[in-house]
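Please model the entire structure based on the sequences and the hints provided.
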Amino acid sequence: MADRLREKATVRAIAAELGRELARALRTRRKPHRQAACRQPRFATAMVMISTRPEEDRRCPVTGRVT
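Residue numbers (our numbering): 73 to 139.
What the hints contain is simulated information worked out from the structure, not anything from laboratory work. Since we're looking at a predicted model, the values are computed, not measured. Glycine is no exception: its CB is placed at the ideal position from the N, C-alpha and C atoms. Any given hint might turn out to be false.
SDA-like mimics (lysine to any residue), calculated; alpha carbons at most 25 Å apart, straight line [claimed, not checked]:
| id | residue 1 | residue 2 |
| --- | --- | --- |
| 1 | 80 | 95 |
| 2 | 103 | 113 |
| 3 | 80 | 94 |
| 4 | 80 | 90 |
| 5 | 80 | 99 |
Just the calculated beta-carbon pair ranges, DEER-fashion [said to hold, decoys possible]:
| id | residue 1 | residue 2 | range |
| --- | --- | --- | --- |
| 6 | 134 | 113 | 30 to 40 Å |
| 7 | 116 | 138 | 23 to 33 Å |
| 8 | 119 | 91 | 48 to 58 Å |
Right under this line is the structure:
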């Protein structure tokens, strides 16, 4: 009887280890974040302050006033 229990415990231990190994092999991890240097810039050109734009670009289409 003792041999049978020992054999059963051994089989369970082996099966558990194989299950853990299988889970490790099949588990997919999340995609790592991109490095800041590799990221695409958000805008093609740098932003321009409103005050440095030409007057015709700053003019309000409704009132005609320059902002």
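The hints, checked one at a time:
1. Under the criterion of a C-alpha separation no larger than 25 Å, the hint pairing residue 80 with residue 95 is consistent with the structure, at around 22 Å.
2. A distance of roughly 20 Å separates the Cα atoms of residue 103 and residue 113; the hinted pair therefore holds under the 25 Å criterion.
3. Between residue 80 and residue 94 the alpha-carbon distance is near 21 Å, which keeps this suggested pair within the 25 Å criterion.
4. Our distance criterion of 25 Å between C-alpha atoms is met by residue 80 and residue 90, whose separation comes to about 15 Å.
5. This hinted pair does not check out: residue 80 and residue 99 have alpha carbons roughly 28 Å apart, beyond 25 Å.
6. At roughly 33 Å, the beta carbons of residue 134 and residue 113 sit within the given window of 30 to 40 Å.
7. Checked against the hint of 23 to 33 Å, the pair residue 116 and residue 138 passes, with Cβ atoms roughly 27 Å apart.
8. Separated by about 55 Å at the C-beta atoms, residue 119 and residue 91 satisfy the suggested range of 48 to 58 Å.
In summary, the structure is inconsistent with hint 5 from the numbered list given earlier, while agreeing with all the others.
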